[in-house]
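Enquirer: Given next are the chains, with one letter for each unit.
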Amino acid sequence: MRKAVAGVAVGLALAVGVPVSWELTRPPATAGTPVAQALEATGPPAPSSSGAAAPAPAVETRDAAPAAVPRAPAPVRVTVPARGVEAPLDPMGVAGDGQMALPGDVGRVGWYRFGPVPGEAGSAVLAGHVDDREQGLGALAPLRTAEAGDEVLVTDDAGTTSRWRVTSRELITKQQLPLDALFSREGPPRLVLVTCGGPFLPEYRSYRDNVVVVAEPLR
Amino acid sequence: MDRTRPIALTAGTAGAFALLFAATPALADSHTATVSVLHGIPDTPVDVYANGERLIDDFAPGTLAGPLELPAGEYDLALYPADAADASGEALLSAMDVAVPAGADATVVAHLTEAGQPALTPFVNDTSAVPAGQARVTVRHTAAAPAVDVRAGGTVVAPGLTNPNEATLTVPAGTITADVTLAGTDTVAIGPADLALAEGTSTIVYAWGSGDAGYELATQTVTGLHSSPSGVPGGSAGLVDDELPLPLVGLSVLGLAGAAVAGRRLVTSRV
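Going down the list, the protein sequences come from chains L and W.
So the first sequence is numbered by the working numbering: it starts at 368 and just counts up by one.
So the second sequence is numbered by the working numbering: it starts at 136 and just counts up by one.
In short, the hints are calculated from the structure, not lab data.
One should not assume that every hint holds.
Stated by the list, open to error - Some residues of chain W that are not near chain L, with every Cβ distance over 10 Å (derived):
1) S223
2) G238
3) L296
4) T320
5) L386
Said to hold, decoys possible - Only pairs whose alpha carbons sit at most 20 Å apart, straight line, appear in this in silico DMTMM-like list of lysine to aspartate or glutamate:
6) L:K541 / L:D499
7) L:K541 / L:E570
8) L:K541 / W:D218
9) L:K541 / L:D464
10) L:K541 / W:D377
Beta carbons are placed, not taken as given, at the ideal position from N, Cα and C, and that holds for glycine.
So here's chain L without its partners, still in its complex pose:
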């Protein structure tokens, strides 16, 4: 009889304890301030590309002949030393389905080339696949464990490295992703890293959520 009591106790302990302790050992779904708040935050205005606002004449005129538009150096590498993330960046646009296009190689990360370069006004978006059936884990898979305060380094093709500090990490259901804030081209400079996370939905061969990490410039 004592054996039976012990059996019930051990069985129940297993049944309840396994999922509970698994849940407790997972990194929490969020860290730092909520993403929406981090992206709203106002800071010093971004350096305007047109330079200091000179006391303009009554009306500005300019030569209207077609001219080439200069572009800031593109980012080519991102690293998050504390999480072991290090990946080359590819300039990416929009896929046929309207979503941001990502590099097919999960070891590479896409930079949304239509948005700002890191350091310009608004959100510079870096995104990559979290995994692939053949290739395994993606370069951004460790983002799931990023913590507020983690340093992020971005190097551009002129060799200049900018330093950023993570302010928030959040798991957001894809349907509720604040896309206009994530891809904003206004406001203080932000670095936004995005990959997939949350429960895997085999019927869609896709994850339910996006892992979103927001970083601010480190001075």
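Based on these hints, arrange chain W on the given structure of chain L.
Expert: Only chain W this time, still in chain L's reference frame:
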């Protein structure tokens, strides 16, 4: 009302004549309008006056003024030779009571008609959002020339465009090589020129000039029309699935089953 067919006022038009900006876009909550002015009359530097006040001094052909934020209302516009001291003499070109509605975005173009007469034509600029990854390009015929075809990369994209009309396309962002030919021919009248069509912007291209003075392209860009991508994909293998892993589910179920078996034994042994 057809937005693509603005009213052209020739220099000879006298008296009060309202240039109505067609179909005002929304944003009626503001009390200002955005107005740009393009000078497309060859060899004729001018001063631009609005309601008798000098608005633009020494305005050279081929230059764009603005965008200006003007209070909504009616304006008397007049162009004088650039060396005129004030607006007391004979205007080269004028348009009275030009209605500038709140929220409108328009470009007033001083240009030549197909017959070579100076004219002031207001065009309404399409400031609606552009899909992510795309760019809008509008081509306006404001040159003293007959109908033209506009080509991008050698392919006709706007056939039979006449003065003072426009054609609008939405295309993938990028640089295109554009030229202008006499309609239905391969006779190149302008270009080719490389046009950088930035994503989420509207590039307005003006063909202006005359056979004598030469034909040119002028460009104007309206920014901030971009849209966000519809989402970010990100994985397809389930390697970092955030659900309780199957072996652990099994272990938990095993515990439950064990407890049930032991419990049953406990109950039966008591009876």
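Enquirer: Run every hint past the structure and note whether it holds.
Expert: Evaluated hints:
Under the 10 Å C-beta cut-off, the non-interface status given to S223 (chain W) relative to chain L holds; the minimum distance is some 20 Å. Look at G238 (chain W): its CB is around 20 Å from the nearest CB on chain L, clear of 10 Å, so calling it non-interface holds up. With a cut of 10 Å on Cβ distances, L296 (chain W) stays outside the contact zone with chain L, its closest approach being about 18 Å. Look at T320 (chain W): its CB is around 23 Å from the nearest CB on chain L, clear of 10 Å, so calling it non-interface holds up.
Taking the minimum C-beta to C-beta distance to chain L, about 5 Å, the non-interface status of L386 (chain W) is violated against the 10 Å cut. About 19 Å separates the Cα atoms of K541 (chain L) and D499 (chain L), which keeps this hinted pair within 20 Å; it holds. Taking the CA atoms of K541 (chain L) and E570 (chain L), the gap is near 16 Å; set against the 20 Å cutoff, the hint holds. Of the pairs offered as hints, the one joining K541 (chain L) and D218 (chain W) is violated, with about 63 Å between alpha carbons and a cut-off of 20 Å exceeded.
Proposed proximity of K541 (chain L) and D464 (chain L) is supported: the alpha carbons are some 15 Å apart, at most 20 Å. A threshold of 20 Å between alpha carbons decides the hint, and for K541 (chain L) with D377 (chain W) the separation of about 15 Å falls inside it, so the pair holds.
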